[in-house]
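Engineer: Spelled out from the first residue to the last, the chains are:
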Amino acid sequence: MAPTLLELSRRTGRAVRHFLEVRGDLAHLVGRTLRGWMFMDLRRFRVVNEQVRLQIKFTGIDALALVVAVGLGLGAVTVIQAFTQLSALGAEDYIGPILVLIVIRELGPLLAAILVIGRSATAIAAELASMKLNDEVDALEAFGIDPHQYLLLPRAIGAVVSLFALMACFDAAALAGGFLVARIRFGLPLGPFLDGVRGALTHADLWITPLKAFLFGGAIAFHAAYYGLAVQRSQTEIPQAVTRTVVACFGVVFVFDGLLAALVYG
Amino acid sequence: MRIVIEGLRLEGPTRGPLARGLDLTFGAEQALLVTGSSGSGKTRLLKALAGTAHPLAGRVERESHLRVGLALGRGGLLMNSTLLQNLTLPLRFQGMKREAAVERAEEAMAQLGLGPVGELRPHALSDRQRKLGSLARVLAFDPDLVLLDEPLEALDPRDLPKVRAVLEAWTTDPAKAVVVATERAEDHADLGALRLDLDEDEETP
Numbered sequence: 001m002a003p004t005l006l007e008l009s010r011r012t013g014r015a016v017r018h019f020l021e022v023r024g025d026l027a028h029l030v031g032r033t034l035r036g037w038m039f040m041d042l043r044r045f046r047v048v049n050e051q052v053r054l055q056i057k058f059t060g061i062d063a064l065a066l067v068v069a070v071g072l073g074l075g076a077v078t079v080i081q082a083f084t085q086l087s088a089l090g091a092e093d094y095i096g097p098i099l100v101l102i103v104i105r106e107l108g109p110l111l112a113a114i115l116v117i118g119r120s121a122t123a124i125a126a127e128l129a130s131m132k133l134n135d136e137v138d139a140l141e142a143f144g145i146d147p148h149q150y151l152l153l154p155r156a157i158g159a160v161v162s163l164f165a166l167m168a169c170f171d172a173a174a175l176a177g178g179f180l181v182a183r184i185r186f187g188l189p190l191g192p193f194l195d196g197v198r199g200a201l202t203h204a205d206l207w208i209t210p211l212k213a214f215l216f217g218g219a220i221a222f223h224a225a226y227y228g229l230a231v232q233r234s235q236t237e238i239p240q241a242v243t244r245t246v247v248a249c250f251g252v253v254f255v256f257d258g259l260l261a262a263l264v265y266g
Numbered sequence: 001m002r003i004v005i006e007g008l009r010l011e012g013p014t015r016g017p018l019a020r021g022l023d024l025t026f027g028a029e030q031a032l033l034v035t036g037s038s039g040s041g042k043t044r045l046l047k048a049l050a051g052t053a054h055p056l057a058g059r060v061e062r063e064s065h066l067r068v069g070l071a072l073g074r075g076g077l078l079m080n081s082t083l084l085q086n087l088t089l090p091l092r093f094q095g096m097k098r099e100a101a102v103e104r105a106e107e108a109m110a111q112l113g114l115g116p117v118g119e120l121r122p123h124a125l126s127d128r129q130r131k132l133g134s135l136a137r138v139l140a141f142d143p144d145l146v147l148l149d150e151p152l153e154a155l156d157p158r159d160l161p162k163v164r165a166v167l168e169a170w171t172t173d174p175a176k177a178v179v180v181a182t183e184r185a186e187d188h189a190d191l192g193a194l195r196l197d198l199d200e201d202e203e204t205p
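One line per chain: the protein sequences are L and E, in this order.
Numbering-wise, the first sequence is residues 1 to 266 according to our numbering.
Numbering-wise, the second sequence is residues 1 to 205 according to our numbering.
Here chain L stands alone, though its shape is the one from the complex:
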């Protein structure tokens, strides 16, 4: 039997309420973590800083080779596809600007964020869920260790710093990959290529990358932490938490990306 209008309204209401509850809980989590950061003394900061370094190593350094490889490939493929079309029009000089438009503005930050979601957000959610079920979070709190300071803050800082570095490396690798193909396959010299890239870059391109790293990285870390710490009783909740993390992170990253594109370039 088809659901009645009333039932559809109820379902919609429940979904909206759940969505708002999750945003409220996330805002609370972010607020508590920022407050923990602001009121942290130097000795605690040293302990937390060790965790930040570990997070940067896992999210940033360990992912570097993968990000560079994907960046090189994307740059190369973009140039192969674009050059065929552009050369027919005698517009080979537009290779650089096209790489800036496609890779640096949009795909670079987005793909770096997707790789971080795949590698790190899943790991953060699974690790925190496992810690919660193993009573590690309760034990930390009992001993006077604020989980927001010790668990969440390092993961958020680590994700933002790493994502910024990965976005920069991804962009550089994509430009290098694009240039290598343009040079080897089509004989494009370095000078015109760089001139094209420089000409297409705007001031907005320079500050939007750190802004995206901040927004994407923060959103990824806090969504992963939220869904990880939301488990209650069973190990079977861990894969569910990971799945919810991935879906939520994709959603929020695409929404932020769309909003920024509309606000800055629209």
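It is worth saying that the hints were derived from the structure and are not from the lab.
Do not take every clue at face value.
If the Cβ cut is set under 8 Å, some of the chain L residues that face chain E in the computed set are [said to hold, decoys possible]:
id	residue
1	N134
2	A142
3	D257
Quick caveat: nothing in here was measured; it's all calculated off a predicted structure.
Even glycine gets a Cβ: it sits at the ideal position worked out from N, Cα and C.
Keeping the supplied structure of chain L fixed, place chain E upon it in accordance with the hints.
Structural biologist: What follows is chain E alone, placed relative to chain L:
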């Protein structure tokens, strides 16, 4: 130090004081033995006393600066850190320098015979060593309120004298309050007069 429990009701238990609402007051130089079958709410009560479990009703009142040490029946040690790091973390977070924290942690581990496994992570330890590690973390932290969940479970007979000596030192320390939760009250016959049975059907007059 004074810990006041008023009308405390926790999620889980369907009978006994924690289902009806528990009232209890205890303080320094007192040891409270909490007994009850599995699922009666012993661990949850310890977590409520530690401030990490939120009650359905009622409250636990204690001084905010109280140092609390919690050794859970299972788990609780950070799996991504070595045993030594597990012991030093609470001390360093309270502001102790790393060298002093390591010294204190090594003393605690030596007292419980854990010296050789300090650099291992909990997943590489036996259940017995993890249990001793949890107790060593409390010992190193030197808390005012000691909360222990089945402290003698999973131990070898050769460990018992060492652990009993530590328990006795805690329960006779005039600055400490100790709460021991167990299914086996007979293992703690020597513990103080304050007892709470979470399986109790009727309220004691």
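Engineer: Each hint should be assessed against the structure and marked as holding or not.
Structural biologist: We went through each hint and held it up to the structure:
Checking L:N134 against chain E by beta carbon gives a least distance of about 4 Å; that is within 8 Å, so the hint holds. Among the interface hints, the one on L:A142 holds; its C-beta lies about 4 Å from the nearest C-beta in chain E, closer than the 8 Å criterion. At about 32 Å, the closest approach between the beta carbon of L:D257 and any beta carbon in chain E exceeds 8 Å, and the interface hint on this residue is violated.
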